[in-house]
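Same order as they appear, the protein sequences are chains H and Z. Add 9 to the 1-based position in the first sequence for the numbering used here, that's all there is to it. Add 68 to the 1-based position in the second sequence for the numbering used here, that's all there is to it.
A couple of the hints might just be wrong.
[What the hints assert, rightly or not] Calculated lysine to aspartate or glutamate pairs in the DMTMM-like style (CA-CA distance at most 20 angstroms, straight line):
#	chain 1	residue 1	chain 2	residue 2
1	Z	K88	Z	E155
2	Z	K109	H	D91
3	Z	K109	H	D20
4	Z	K132	Z	D166
5	H	K61	H	E40
6	Z	K110	Z	D133
7	H	K103	Z	D166
8	Z	K82	Z	D166
9	Z	K110	Z	E155
10	H	K111	H	E23
11	H	K12	Z	E127
12	Z	K123	Z	D133
13	H	K103	Z	E155
14	Z	K134	Z	D156
15	H	K103	Z	E120
16	Z	K88	Z	D133
17	Z	K109	Z	D156
18	Z	K132	Z	D156
If you're looking for bench data, these hints aren't it; they were derived computationally from the structure.
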Amino acid sequence: DAKTTQPPSMDCAEGRAANLPCNHSTISGNEYVYWYRQIHSQGPQYIIHGLKNNETNEMASLIITEDRKSSTLILPHATLRDTAVYYCIVAYQKVTFGTGTKLQVIP
Amino acid sequence: GAVVSQHPSRVICKSGTSVKIECRSLDFQATTMFWYRQFPKKSLMLMATSNEGSKATYEQGVEKDKFLINHASLTLSTLTVTSAHPEDSSFYICSARDQAAYGYTFGSGTRLTVV
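Whole structure, please, built from the sequences with the hints as guidance.
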């Protein structure tokens, strides 16, 4: 069973920040939060991951609440190429996918 | 960064034949690899966990005799779909865990069509 809950779809204007929420209320202490995205007919692409601290890389920022029961992926300046299905995953030894959020970036 | 190569990217085979899909970690050693199946407009479904030097662990409902997994080295895992039928047509994706980076890297997927 999926351990995460995400909205099925979101729209974001090009150039604006995209904030994708994820609930993972049953997360265990040793499970990391991972974000991946999948563009049609390709393998999932790694975006970012974290354990309890907020993280930032060249692609995105990850904000994890203090109780670790939810997180938000932030794409600071969305482009049309960011249109994809975004998966939030909690994992320690294996990765199981939920249904993800289909992000549509609008010109 | 870590790279996982998956081959072939597309394959068409006749019913009753077997098809082998390869998954290689190119710049890291992977003691554990994972195999997924994805139907159109659906999420990835974990089929099995492949462990180097030991038997694979299959998820509930996945036929181990239909989907043979071999993980003979630290950089290669193979999935063989035996006696393929049209209902086995799907997008198959592998993943390898990079222990050093605490991350999971995915292959580009294999589109299998059984005719």
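Going through the hints against the structure:
no. : hint              : in the structure
1   : K88(Z) - E155(Z)  : holds, 17 angstroms
2   : K109(Z) - D91(H)  : holds, 18 angstroms
3   : K109(Z) - D20(H)  : holds, 18 angstroms
4   : K132(Z) - D166(Z) : violated, 25 angstroms
5   : K61(H) - E40(H)   : holds, 10 angstroms
6   : K110(Z) - D133(Z) : violated, 25 angstroms
7   : K103(H) - D166(Z) : holds, 12 angstroms
8   : K82(Z) - D166(Z)  : violated, 36 angstroms
9   : K110(Z) - E155(Z) : holds, 15 angstroms
10  : K111(H) - E23(H)  : holds, 15 angstroms
11  : K12(H) - E127(Z)  : holds, 16 angstroms
12  : K123(Z) - D133(Z) : holds, 12 angstroms
13  : K103(H) - E155(Z) : violated, 26 angstroms
14  : K134(Z) - D156(Z) : holds, 10 angstroms
15  : K103(H) - E120(Z) : holds, 15 angstroms
16  : K88(Z) - D133(Z)  : holds, 14 angstroms
17  : K109(Z) - D156(Z) : holds, 16 angstroms
18  : K132(Z) - D156(Z) : holds, 14 angstroms
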